[in-house]
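Dock chain one against chain two, each of which comes alone in its own frame, and use the hints as you go.
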Amino acid sequence: MSQVTMTVNGKEMSGDAEGRTLLSQFLRDTLGLTGTHVGCDTSQCGACVVHVNGQPVKSCTMLAMEAEGADVATIEGQAAPDGTLNTIQQAFQDHHGLQCGFCTPGMVMSAAALLKENPKPSEAEIRDYLEGNICRCTGYHNIVKAILAASGQDVGSIAAE
Amino acid sequence: MYEFEFVKPGSVADAVTALGEEDAQVLGGGQTLIPTLKQRLASPGKLVSLAGIAEMQGVSTDDAGRICVGGGTVHADVAANAGGYPALAGLAGNIGDPAVRARGTIGGSLANNDPSACYPAAALASGASIVTNAREIAADDYFQGMFTTALDEGEIITEVKFPVPEAANYQKFEQPASRFALVGVFVAKYADGVRVAVTGASQEGVFRWRAAEAALSADFSADAVPEAPAADGMISDLHGTAAYRAHLVAVLTRRAVAACG
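Protein chains in written order, with my numbering: chain R, 1 to 161; chain X, 1 to 261.
Same shape as in the complex, but just chain X (with noise of 0.2 Å):
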């Protein structure tokens, strides 16, 4: 790693204003970020943690019955706490391992938008409200492509509010080594409709099935799932080819269709 300087805000505002300086860059949980910089592939020249930030701590509910996230809580604590919304408890529950769960924060894979990040699907299917220190963005608009996002320099994730849908359900297909999702399919319910969001398959980052929704809005079951998408645009690489991506979202959204029950 090249050196940087370290510092620690214990507010959100503090935050803000240290990354305001040139080649500032913000550190959640590290657990992405860290191995970054020991490729040297990011040199920053200052880190601000957010981990001293306690408003930006912790699972609670607000008055919609939105299950709300504060930007800096680990992946563990979400597991324990989001028990309103036991399909993103479980989601949580199998990022990583017990490790990586104690330190990365659901911020920070926000932020990243690794296209086969577990929390961008979550995010993407329950249409849920990203808060900045600047602004509430909604994911639909949040989510660019890969490694990109609406946020803007310096701009901080400090809560992620999720509306709990009548059902719910997650499905990885894990990249055993890794352990992010080869594919993963979040399908949420809503009273209004159905949201089917697909990550680890495209070349764009996470994105929302259209054709999967518009069948399941309409009839929620397994048989309803269309046949798989086209493999056009999907991820290949020596762990999969887009063609067998394309065939896993198929099959993760009937599966997760029938886990709902």
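Bound conformation, chain R alone (with noise of 0.2 Å):
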């Protein structure tokens, strides 16, 4: 064992963690941010991304000692203090880009991810870059919807199929 320290959410949090420590099980066991889900644990469902120095990872696949002295930010970092719900977030809701909410977590990090890289994604873009997430309520076309309300674009373009 040995302390591992980061920066999640804009607080310095650190604890003990062994080699084998993935980053999911640091953030959920031992930090308590149980907003990270682990779905799969194979790095193909996505439920577990957050961002690792601004760059979207599957915290399942990512050691805890690799993100020593990063900057992490998880599904508990989205929503203000007081508790409303951030633009994408609150895209979901209206959106009903959820079912179950399992992959949520992972769906509104990597939403995060892909506006701040390209702020008006088309709808195209947007399932494209949602490859590495899965939903297995088959919620995809509300999940689109609702990243694209994010963006501040029209959603009535799109049919439902």
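Careful: at least some of the hints might be erroneous.
What the hints assert, rightly or not - Straight-line Cα separation of at most 25 Å, SDA-like style, residue types lysine to any residue; simulated pairs:
(1) R:K116 - X:K46
(2) X:K38 - R:T34
(3) X:K38 - R:E68
(4) X:K46 - X:A18
(5) X:K8 - R:T42
(6) R:K11 - R:K116
(7) R:K116 - X:Y244
(8) R:K120 - X:G96
These aren't lab readings, by the way, just hints derived from the structure by calculation.
Okay, structure coming up:
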């Protein structure tokens, strides 16, 4: 065991980790930030996506020690301290971008990464970017709509399929 | 995962020293190795991360005009910064998904030499030089079969140098679940001839399709691409038969040449 320190949602946090401790385990079990979900644990599903130094990563496929000193953002840091949802979260609620909600933390974090890189993505670009995020309720359509809406674009043009 | 010690040296020299220990293993971006460790298919005593080595990061151009990519450079950075070789940047930008591209490295991909990985096709078709802590290896000598390379134990890929072709294109037929190449074909046209590298198809890993190279060097047009190569030795699995993969090799080569314009 050794101590790992990183900045999580703007606050410096430390905890013990083994070499094999995954970032997802460290966030959930050590720091108690259980908003990051572990779906497949094989880097397929994207429920565990967090940002490390501004980049989206699958936290189940990164070691906690690899994030030593890094700036980590998780779903817990997305809403305002008073609980007010951010633009993307609000759009997910408005457009019913979730059913069971299990994939939602990863979807929101991937969406945030996309909109930072590409503030006005097309529908096709959104679908392409979400390639590594799987929703088992098959809710993609409303997720795409929510992200389009969060980018300030008209969602009326997307026909239900 | 079995327990291991994790170290993150700050220089190539320190990494080489750490890798000299028994049961030490290199960690690039971990996008293949960490899933492998989870399945307990590997049990290194020590993992040596290359992510802290600044000299192995980034994309630059050398005096000979080659695009030089540091071995620790992640796919997203190659996609964003290798604009001098658009086919290479495009290939990097279509590996896996965005989160995988933010972690996976060119050195890790080439060292692993997965038979369905994208980068081996780019390196082989470009006649790239694989630079290690000890030497420089020509791509033609580097790839030695599925998951097998010319690298020695503990040898680190520090840089990959790509001569920039006159025209090039990579066509990837994605296996939709894994997003690896079911078959991928990289065509690169240089002044002294055309090179065609195929990934995903052969049981021997990435290979050059010499018949297509000869035909395209004489006539660089989609119509000049030969009939599909023999299916003998092609991968056959639940995603596609050997014959199907052989067929795709020719189809994707034609598409790649056509896309070169």
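Tested hints:
1. R:K116 - X:K46: violated (36 Å)
2. X:K38 - R:T34: holds (21 Å)
3. X:K38 - R:E68: holds (21 Å)
4. X:K46 - X:A18: holds (9 Å)
5. X:K8 - R:T42: Roughly 24 Å separates the two Cα atoms, so the pair holds.
6. R:K11 - R:K116: holds (21 Å)
7. R:K116 - X:Y244: Judged against 25 Å, a Cα distance of about 40 Å means the pair is violated.
8. R:K120 - X:G96: holds (23 Å)
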